[in-house]
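**Student:** Each protein sequence line maps, in turn, to chains A and B. Per the working numbering, the very first residue in the first sequence carries number 1; after that it's consecutive. Per the working numbering, the very first residue in the second sequence carries number 385; after that it's consecutive.
Each hint should be verified, as a subset may be incorrect.
Said to hold, decoys possible - Label pairs and their calculated CB-CB ranges:
1) S91/A - N418/B: 33 to 43 Å
2) G129/A - D401/B: 55 to 65 Å
3) V634/B - G129/A: 50 to 60 Å
To be verified - Covered by chain A, per the in silico footprint, the following chain B stretches (three or more residues, Cβ under 8 Å):
4) 451 to 463
5) 562 to 571
6) 613 to 619
7) 657 to 671
In case anyone wonders, no lab produced these hints; they're calculated from the structure. For each residue, glycine too, the CB sits at the ideal point set by N, CA and C.
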Amino acid sequence: MVLFHETEVLGASTSVLRVVEELRRYGWSVSCWVPGAGPLLDHVVGGLPLAGAAERPIAVSGRGWRKPPGTVTRLRSTPAYLRAVHDALLSVRPHVVHANTLHSLPEAVVARHCGLPVVLQSHELPEPGLKRDATVMVAARVADVLVGVSDAVSSMLRRHAWRTPVHTVLNGVPRSSQPPLLADEFIVGSVGTVSWVKGTDVFLRAAARIRAEMPEIRFEHVGSGDLDRDTDLREPLAALLDDDLLRDGGMTMLGALPAETVLPRWSVLVSSSRSDGFPLATLEAMSAGIPVVATAVGGVPEQIEHLVNGILVRPDDPEAISSWVLRLHRDPELRQRLGSEARRRALTEFTTARQAEGLHRAYLTALTLRLGPSVVHRSHRYSA
Amino acid sequence: MSAVELSVVLVAWDSGDSLGRSVQAIRASAERTNALVEFVIVDNASTDGAVDALAPASTDVVVRNPINAGYGAAAAQGASVASGTWLLFVNPDVVVEAPFVGALVDAARAAGPEVSTLVPDMRYTSNPQLVNSRGVTVDETGIPSEVDAGIEAANAGAGPDVFGGSTGCCLIRAAALRAVGGFELCYFAYLEDVDLAQRLQAAGYTSRFVPDAVVLHEGSASLAGRSYLKSHIVARSRRLFFQLNAPRTVRAATWRALVETGHATVSILAGGGFGPLTGRSDALRQHSYTRFARNSRRKAGDDVSVPPYAARTGLLETLRRKRTVSRELADR
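Make a model of the complete structure from these sequences and hints.
**Tutor:** Right, dumping it as structure tokens:
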């Protein structure tokens with residue numbers, strides 16, 4: 001049973017939903033817990049058995065707790081919510097519980113309390129600090145197996161994992177049917193929630209620089225707005241979007257859309273994140289044969305080798321992004337070469353089959369460690 | 385395309401040549417029937433290459449596990465990927481004769497929807513006159529045992545209705561297995577079949593003995609020569625079975641304690657080391673899970689406390705059967 005922590009269909013949930021069919025080949029039947037109404041619930045209904053759904057009052061920050069209906073109401077609702085999770089576990093009686101991100105820790109605690117095997121997968125690389133360390137320490141006590149979506153995430157988990165095994169399971173992408181043809185129009189795209197972490201401001205600054213030099217290049221951004229945590233970013237972003245260089249079709253903010261609907265018309269994908277575990281957007285672009293210009297943060301360097309199958313730049317460097325995009329615009333041959341190599345690597349190394357194999361191993365390990373005889377499970381503890 | 389009538393589920397763990405022989409014999413037996421049969425082989429992290437050495441047919445499904453998470457987990461995986469109406473669970477060391485599949489298929493076709501399990505006549509490979517198992521049963525104090533184990537086949541008295549089948553070899557209706565939630569995975573090995581039989585009984589299903597389906601089976605092929613490991617796992621499974629299923633009356637608990645003490649003493653004296661003691665203490669570690677599983681079953685309406693228990697098997701009778709089996713094995 002997969003415990004989702006968000007109601008949107010974002011990268012973390014998409015990566016697991018995509019691998020459900022592959023997991024069935026190993027005999028796993030996947031059901032899910034969804035924390036309230038939203039696009040994710042609409043998405044899974046009819047496609048996956050729903051173990052349960054309830055509005056999640058639990059937040060991960062002080063600001064989140066203060067959001068409507070307010071801290072007191074949220075605290076009051078929390079026991080009922082956790083009871084609902086417990087009831088869903090009783091109904092489904094899952095063999096393994098997969099808590100999908102560190103944010104699902106409260107639900108994972110309930111599963112652990114029931115004596116069920118728990119796999120906790122971290123898709124994120126939270127900012128270093130006491131909060132992150134404490135969260136990972138608790139996660140290591142609760143989970144039987146921790147899973148990182150990249151070596152970067154796994155290293156972060158291992159620092160506080162103690163004896164809990166940490167597996168690295170790289171996200172995979174489904175095989176896209178056809179590599180893209182070189183489009184007549186040069187459109188640069190970016191995918192990600194509008195936020196400081198995703199570096200939306202850096203993307204807009206880079207776009208403005210490029211438009212100043214090449215006004216015929218257009219930009220598109222896919223992703224919903226989430227500036228509750230980044231209120232300081234509201235005004236700068238509004239000012240950038242109001243800039244003459246980005247108005248009138250120069251920059252189109254498309255909102256939340258499946259990336260595959262826009263990727264075929266893009267010539268280059270830019271990932272300007274300040275932190276990223278192992279982004280799906282870059283993998284999807286690579287799989288579609290679209291060259292990627294990405295910041296070398298988190299697990300991105302595990303996907304992209306500079307000038308072999310993409311371009312890596314330093315974070316917070318709009319100038320570097322703009323100069324590489326301009327070079328790719330001028331050099332279709334380079335674009336073609338990087339795109340082909342990216343597609344080859346994505347189709348061989350970042351597949352849903354390999355992701356399912358990794359999760360299958362993590363599930364069996366958790367099962368053995370939690371429910372297996374002590375004389376057997378000791379040998380699995382360090383098998384990651 | 386016709387629907388698969390029978391899925392043969394084999395769990396392999398360093399099974400050696402016996403796996404290939406078993407698959408070949410069952411395939412040959414199945415070819416004598418008009419049933420559409422598929423093979424599902426779950427490789428529990430074998431290192432002997434026996435699964436790779438099989439010549440797969442187009443109807444075969446192979447599931448590979450990178451680690452051995454136990455028989456119960458592998459059997460559950462096999463059942464999940466299988467597409468047959470009936471699932472034939474067979475140990476790789478079971479020797480099947482030509483009429484075997486036909487007898488089971490005929491019985492399956494004649495069985496009503498209330499029949500969940502068809503139980504073959506398992507005899508000892510070393511002495512086919514002696515019954516290895518004609519299914520499993522649970523007595524009124526919650527103690528599980530093999531039906532007619534160690535008894536001369538001619539004198540054995542298994543009737544048409546039995547409590548449940550041993551996963552050493554039995555046919556289970558896939559829909560019934562799914563309806564009761566499949567195998568319980570906390571067992572790792574041993575007694576997952578009795579637990580399943582108890583839940584099937586509680587859900588209103590019945591099991592039938594098929595005397596024409598005869599197979600030969602020695603038992604303990606996987607854990608031969610690993611007596612401590614085996615006695616630990618058996619003791620653990622027995623304790624877990626009691627935690628999950630056994631009646632909670634003082635009389636039953638007292639009788640179980642007496643029988644378990646005798647069982648542990650015999651196992652220790654037979655060279656199992658302190659496995660019977662460590663296994664029981666290991667099972668206590670699962671207290672949270674067994675409490676959760678009981679609550680879950682209660683919520684689902686699978687009230688496990690009212691199946692039609694068999695009459696209590698006496699301690700001396702249990703020990704007598706164990707001694708008979710041990711002598712037969714020693715005489716080989």
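**Student:** None of the hints should be skipped; say for each whether it holds.
**Tutor:** Cross-check of the supplied hints:
Look at S91/A against N418/B: about 41 Å separates their beta carbons, and that is inside 33 to 43 Å. Between G129/A and D401/B the Cβ separation comes to about 59 Å, which falls inside the hinted range of 55 to 65 Å. Taking 50 to 60 Å as the suggested C-beta distance range, the pair V634/B and G129/A conforms, at roughly 56 Å. Requiring three or more residues with a Cβ within less than 8 Å of a Cβ of chain A, the coverage given for the region 451 to 463 of chain B holds, as 9 such residues are present.
Counting residues of the region 562 to 571 of chain B whose C-beta lies closer than 8 Å to any C-beta of chain A gives 3; at least three are required, and the coverage claim holds. Chain A is given as covering the region 613 to 619 of chain B, and this holds because 3 residues of the stretch bring a CB closer than 8 Å to a CB of that chain, at least three being needed. For the region 657 to 671 of chain B, the proposed coverage by chain A is satisfied: 6 residues have a C-beta within less than 8 Å of a C-beta in that chain, meeting the threshold of three.
Hint compliance for this structure: every hint is met.
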